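Enquirer: Just so it is clear: in the sequence shown, position 169 is 169 by the working numbering, and no numbers are missing.
Honestly, the hints are just simulated from the structure, not real lab data.
Since the structure is predicted, the reported quantities are computational estimates derived from the model, not experimental observations.
One should not assume that every hint holds.
As the list claims (entries may be wrong) - Across the chosen pairs, the derived CB separations fall in these ranges:
no.: 1; residue 1: Thr268; residue 2: Tyr102; range: 47 to 55 Å
no.: 2; residue 1: Asn40; residue 2: Glu346; range: 38 to 46 Å
no.: 3; residue 1: Asp250; residue 2: Lys298; range: 23 to 31 Å
no.: 4; residue 1: Asp300; residue 2: Tyr102; range: 32 to 40 Å
no.: 5; residue 1: Asp229; residue 2: Ile190; range: 18 to 26 Å
no.: 6; residue 1: Glu224; residue 2: Asp308; range: 36 to 44 Å
no.: 7; residue 1: Thr268; residue 2: Phe64; range: 22 to 30 Å
The beta-carbon is built from N, C-alpha and C at its ideal position, and this holds for glycine as well.
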Amino acid sequence: MNILLITQEDFFAGSTYSVSYLANALAERGNKVYVAARPNSLLHELIQKYPRVTFLPLTIKSRFDRNAIKLLVRWVTEYNLQVINAQSSKDRYITIFARWFYGVKARLYHTRRQYPMSVGGYLQRKFYVAGTDKIISISEGLKKIFVAKGFPAAHIAVIHNGMPAARYQQWSESEVQKLKEQYGIKPGEIVVGSISRFKRHEQIIKAMALLNKPEIKIVTAGVEEGYLDSLCKEFNLKNPVIYAGAVKGDVVLNYYKLLTVNILASITDGFGLVLLEAMAMGTPVIATRFGGITDVVKHDVNGLLFNDGDCETLARQIEILIGNPAQRQRLIEAGYKTAYEEFSIEKTAANYEALFQQQSKHS
1 MNILLITQED FFAGSTYSVS YLANALAERG NKVYVAARPN SLLHELIQKY
51 PRVTFLPLTI KSRFDRNAIK LLVRWVTEYN LQVINAQSSK DRYITIFARW
101 FYGVKARLYH TRRQYPMSVG GYLQRKFYVA GTDKIISISE GLKKIFVAKG
151 FPAAHIAVIH NGMPAARYQQ WSESEVQKLK EQYGIKPGEI VVGSISRFKR
201 HEQIIKAMAL LNKPEIKIVT AGVEEGYLDS LCKEFNLKNP VIYAGAVKGD
251 VVLNYYKLLT VNILASITDG FGLVLLEAMA MGTPVIATRF GGITDVVKHD
301 VNGLLFNDGD CETLARQIEI LIGNPAQRQR LIEAGYKTAY EEFSIEKTAA
351 NYEALFQQQS KHS
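Start from the sequences and build out the full structure, keeping to the hints where you can.
Expert: In structure tokens form, the structure reads like this:
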């Protein structure tokens with residue numbers, strides 16, 4: 001198949017990496033894959049690593065950008081595109097307009113990766129459903145949210161994100177040791193952290209204050225220096241907080257190796273690739289019981305879950321994972337299996353391909 005993946009808003013690192021992994025995996029299965037995105041964007045940089053994938057520069061100025069729509073129409077003919085998979089807001093609009101106003105025959109799918117801050121009213125839902133062959137949700141949890149907002153369940157297919165196994169090899173013991181020396185982490189010290197851009201970090205700060213173990217270090221990667229200082233003061237937190245700042249994807253796995261426990265306190269994640277990364281690195285996870293996170297983390301099987309806002313439970317769970325070696329090891333071993341077997345990029349690509357082919361038979 002000739003497949004175009006298109007995204008304009010590659011600001012969320014996890015989602016952007018997911019698109020790049022999917023593009024390469026589909027290409028490795030023998031498909032001709034094109035990726036349209038802003039030139040010099042993060043996705044552009046990532047796609048350059050994959051020789052089987054062709055990058056097409058595309059800047060969409062608005063949802064009604066006529067030039068972008070015409071360029072898309074031209075590509076459909078020039079590259080004989082059979083499938084278009086749009087990933088973000090502007091992409092969703094121009095792909096539907098290309099179909100409705102210019103008669104584009106390629107099958108059209110919209111992938112939803114994040115919690116929808118707004119999906120408009122009846123007319124916008126009708127627009128998305130009538131304009132696509134299917135909407136793809138990256139988790140059952142996220143699908144439930146869309147169904148609750150009025151989208152027909154039958155129009156939404158669930159295909160989980162996946163990670164290439166080679167991704168989990170992008171760390172080194174020497175680099176981990178350098179980071180420990182840089183941040184003053186001594187052998188045997190307990191370190192609690194969050195490797196993600198700013199989500200609901202205030203819950204982590206409050207839970208650590210409730211735990212009242214000032215000897216535990218806190219590491220954050222993805223938030224700016226000093227960003228949590230006011231929260232630390234508000235909750236009278238005595239623990240040292242280490243700010244790693246923005247960390248590039250090709251070195252971020254080393255940071256999980258610093259942690260005794262990794263926490264994702266989020267009510268926006270449609271999936272949570274950072275959870276898979278932590279599991280693959282042998283770091284036990286605690287996460288919010290929300291949306292697609294529950295597709296990845298099964299409570300007391302491969303991690304622990306807490307309800308959003310329940311900082312008392314979060315504090316108890318941190319204490320369990322730092323004080324119960326047997327339970328900690330059990331969760332780590334189950335986490336390895338989750339990361340390496342249940343959510344592989346090969347499985348993700350095969351499921352996308354199967355959906356595209358199934359829809360082809362009915363078109």
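Enquirer: Which numbered hints are broken by the structure, listed smallest first?
Expert: 1, 2, 4, 6
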